[in-house]
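Visitor: Residue-level listing of the chains:
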Amino acid sequence: MTDHDLTPDDFTDTARAVMNACAGAGGTAARMSLLAEAGLPGILAPEAAGGMDLPLGFAVPVLAAAGRGFLAAPLLETMLLARAFAGVDDAVAADLAAGTTCATIAWSGAFDGTTGLVGAAPLAAESDRVLVFRTDGTAVLVSKGEGVEVEAAATLEVDRPEDNIRLSKAAGPELPAERVAQLKAEAQVLRAALILGAAEDCLDRASAYAQERVQFGKPLSAYQAIQHSLARDCLAVETIRNSIARSLSPHCATPAAAARATFVGAARLGSRVAESAIQVHGGMGFTWDVPLHRHLRMVKTLAAQGGAADLLEAVAAELMAGEDSEAEEMKRAG
Amino acid sequence: MTQTALAETGPETPNVAAHARAWLDANLPGTLREDRLQDRAPTVPELCEWEAKLHRAGLVGATWPERYGGGGRSLRDHLDISREIGRTPMPESVNSIGKELAGPIIMAVGTDAQKDAYLPAILEMRDIWCQGFSEPNAGSDLAGLRTRAVQTSEGWVINGQKIWTSGASKSSRCLLLCRTGSVEDRHRGLVLFAVKTDTPGVDIREIRSIDGARHFCEVFFNNVVVPEADLLGSPDEGWAAATRVLSIERATNRMHRAWRFENQLRHLVRACAADPATRRLVETDYRRQIAAVSVDIDLLKGHVETLVGSLIDGNEIGPRGSLPKLFWSEAHQNFAALALEIVSQFPVTMSDDLKAVKQRMEDIYLKARAETIYAGTTEIQLGIIAKRILRLNRGA
Ligand SMILES: Cc1cc2nc3c(=O)[nH]c(=O)nc-3n(C[C@H](O)[C@H](O)[C@H](O)COP(=O)(O)OP(=O)(O)OC[C@H]3O[C@@H](n4cnc5c(N)ncnc54)[C@H](O)[C@@H]3O)c2cc1C
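Protein sequences, first through last, are from chains A and B. Quick note on numbering: our numbering labels position 17 of the first sequence as 17, and the sequence is numbered without any gaps. Quick note on numbering: our numbering labels position 69 of the second sequence as 69, and the sequence is numbered without any gaps.
To be clear, the hints were calculated from the coordinates, so they are not data collected in a lab. A hint or two may mislead.
Rough simulated footprint, nothing fancy, chain B against chain A, three-plus residues with beta-carbon under 8 Å [what the hints assert, rightly or not]:
1) 145–155
2) 230–237
3) 242–248
4) 313–323
In this text, a Cβ means the ideal position worked out from N, Cα and C, and glycines have one as well.
Just chain B, same shape as in the assembly (with noise of 0.2 Å):
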């Protein structure tokens, strides 16, 4: 399998950046900015209708081949792209698993009619998909999974239970990692399906997280017929499908991430600043940390675009990507607990304009802990950059 699908290189689109943020500027909903004090979260039919708005405007999908919906543009289009979303205060994908994981592994291993089926309506935002990977007993051990599937006349029959499934009470479809033998096949025997959410014996069941959102949920397989024609790949090609998948998530996924981080960090700046009550917050006793934050920043644009340029020339992913996803993670989680601790000195008399600060920072310190635990905790990429990078196994 080679990354082509993601690397795509169809033309560079001068101006794409200047497009793309004329068009954000105009069209984001005052209810959607993140930077604004808003008295509910918004729906997911309102995300939807943003999302594919954002669809038609070319903001999304640039490097999908046209005949599925997208734009057949280089990925430096999407990096231009990247930047601007993230440089504007918009909520997180509600499909960015069906955008940047399900997508390409089926421009990867799909058929011409699963691609035809399935690719337009991600974008379009008529599916919105779940990843089911983890179990109960396989987390970072993924090759530990126990989920079954067993062919038979009808079709494929799933047993098992997935769980920390993000968005699944949400989705209408599932990209499902089982088994077709047993538990000590270990990574052979992987097999990828795209499973209908709605089909019978499926239960889903929110989570309630630390952030008080139900987002995550378990997903439980009773007897689940999957036809044929939602097989990805070939039976044995789960486990490399996987890994792919996983690369992926690490290394190229919300490309907008360091935008977004400094849009955080100048939306805390700017509110903190402009009160006279926070104005020594940002401009004296925290002044030296905050530029540190930026530096990181900077850091991290230096690791995604030094990566679309080594996409762009032809490279592979592979381990690498654990480098940025540990960079970012951290990062984040630097910039977030610097950021809860100065909206904790914010007066108890507060401006609109701090609230809404305070209660973003709060919201994100709070998220950020997950993000040094999915796509691979922390500890399993410091293991594969040892492992796979540095190769301090050999005598070992």
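In isolation and in its complexed conformation, chain A is listed as follows (with noise of 0.2 Å):
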């Protein structure tokens, strides 16, 4: 089979296994050599870098598979750090893609060039490199050690917690602005990937219980507000879905516009999601066992990451302006 005949519906089962694999693993680093050996960091990164030089939609069943087994690990940023760096710095996407560099992003504030503290770094503590964003637009790739040390943070993530970086220097590979921007828009479906696998697990979850829990002589989901709260879930789930086909589709004419609104959409649908089973649960959803709250806390953290509440200001702002990118798209096609 050549890579011209894969679709990304092929990586659903191996990436499904390799998370069960994961969960099972001791340590980030470890849970990174899993997902090399099966080549999902590079997936993304050109064949110069050890990568399989993929289109972003087959990084969508991997990360979905993520979200829904709750992978610790920054496999999101590992594969947007091998695609970005290739062409800049082979050898550092190489071990991005190869798992033998484990790497996360600091995905809250800017390095101004003396000194300062970035944050909602997805396990920097068990990362060897960090990329860090600069007020100028850029972004480096710097080492644990002198001049760069992490801080636990206050965070709501149980399986990828944040940490702060306290920086008073920055020095290492660089990334210029536009491979920046690229990388945090690209961030955005990716994103919204994580939470669809987190989303479909919550509403599995919640009508596989639905079935069993039995109150009143008769099995929850026998009970119409239950049958109608989780088809609501199934809508959620499916607008998150087709919205991520919609953006990456070559038909779509606002790829970028898309992309935005398939994150901000997952961000809140998402959220629905999680809230709903854990409520179809009763009590037992309210428990630390019950999973249920892992998938919510990384919804909303992923929310946070991605500043989806800015995002809904960008949104604004090219409405006021009166931009219509759609019109203007056809305008050049036509």
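The task is to assemble the complex, starting from two chains supplied on their own in separate frames and drawing on the hints.
Guide: Encoded structure:
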């Protein structure tokens, strides 16, 4: 089979199996090497960097499986970094794709060149390197050590806890501003993919529980209130799935706006599905051991990492400016 | 029955969207623009003339076979045209039941003679169709309908009553669902006809709706004789045909919706931002809520565009038609509620531009109440998703 014959769906089974293996592995580094054995961190990186050079759509089932399977590794970050550094620093890209370097991204804040604190870096404590954004739009991949200290931070996440990074210098391989912009844009759809997997799992668990749990002599699923709530969750999941598909389709006239709406929508709808799954489980849903809260924590954390609230402001600004990106696209095409 | 009539895949035409856009920009009469203050509603003959012109320009019936006056093109072309139609503030079709429900059904179950007789007349606006399904005692529970058709030597004799029949008083043909046996037969023994509405014994009475219009009707059938030639499909095929009509109605009908919502939203924002008295409403007070509506519109486009891709790949719509129906009806109601709240804060003295947007948004708000009722209510869609997609009725 050549790469050309591959479809994104071909990755679903492999990805789910790898995520299961990762759940039993000890530590982020061990998980990254399991992921690398299956070629997953390098799925988007060019072949020169040891990657598979596949389009973004191929990362979707992989990250959906990661979201579903509570993957405790910075896979989204590594995929994006391996792709972004290819052609800029092939050796770094190759290490990332091979899983020999474990890297993450500090999604929040920017370094002004002298000193400061950046944050929202998933699993930074267990990573070797961290990508830090700079105020001028570029970014630098720093190594932990002198001038780069990881500080524990309050974090909602259980599986991919966020850390802060205290910086007094920032040296390392650099990404130009346009690569950084592209990385941030691609992260939107990939976050939606993680959310999709988590939301699917919440819906599956809630549907299964509703069919098992008997009250008033009937399974919960026999009651219309429960059926309708689950049907709304199903609509939410399918809305996320279809919006991801649309924003990656070659027929989409406005991929950038579509990706933004996909992420903002997934952040809202994914939370809804997780919250509603907790409700359907009753008291059981409020326990630490039922992992629905871990999905909810991830969705809320991803929403913040991707700046869902700020993106809504960007949507508003475009509307106010009267920009119809789709119409503009059409005029150019016509 | 397959979806092929709907997803009939002719060649994709390059620049079909550019043609549609240029044509619509050049040809939409000012009196039909929904973003302008109008002193009266357009008449049915005016609308028919406009829609016949749209057809001659190739913007209606794109996927229908050329033999019946269609364009013989792909569903993707229909989507491209629909986007442009949505972006243009023009009236909804007075014959969407003909073009989007009766037409596809006739293509699926009609005889060649019926196709030749009915199909070109729909596109050329010589026949306006209505849909006679609902009855006083059979709404959500459509299989409880009672209108009876009895076969005699002179043809089929029909007795009964339909209600909420949109556009019946303006129509010339009715897609009528009747039963041949008794009510206990439920969805067995249902039969579809193409009844001429001027047949003796057909009595149509308009009902005034909450928006003040007189569009939907009661239709009484008193010993109405329908020739065998107007029977659609075989006598027992009615339920299969009816559910197919409903899944089309839910999923693909008015494919331009997302882009029309966007046109409505942009109209609201543009008009408010241009006036110092209302600028604050959109730029500050409701800024984020307006952006959230815009995100919903993109999510709706996701449903529509993915569905089109799936139909082109040869998949059936089936119960999945309930997903976009539920999404668009509620997203539009959310938009309409927000729009009404905004226009209700307009000052007493208003420019014509503000008057136009206020009138349009008030009308949209009222009309949107029906969107979670017709084509299957929200509760019915939720039930379909729960039982037929999630399969929650197992063991229940
Ligand atoms: C503007 C408009 C245009 C229409 N045009 C047409 C047309 O052209 N042709 C046509 O045939 N029909 C048409 N209809 C009719 C429409 O299809 C019906 O109104 C609809 O199917 C609901 O039926 P009903 O009005 O009898 O309400 P009912 O079925 O009595 O429902 C009343 C309420 O009860 C709820 N309900 C019903 N059953 C259940 C259940 N099992 N569980 C939970 N809740 C339930 C419903 O959701 C609804 O909220 C139109 C309706 C409107 C509003």
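Visitor: Would you pick out the hints that fail for this structure and give their numbers low to high?
Guide: 1
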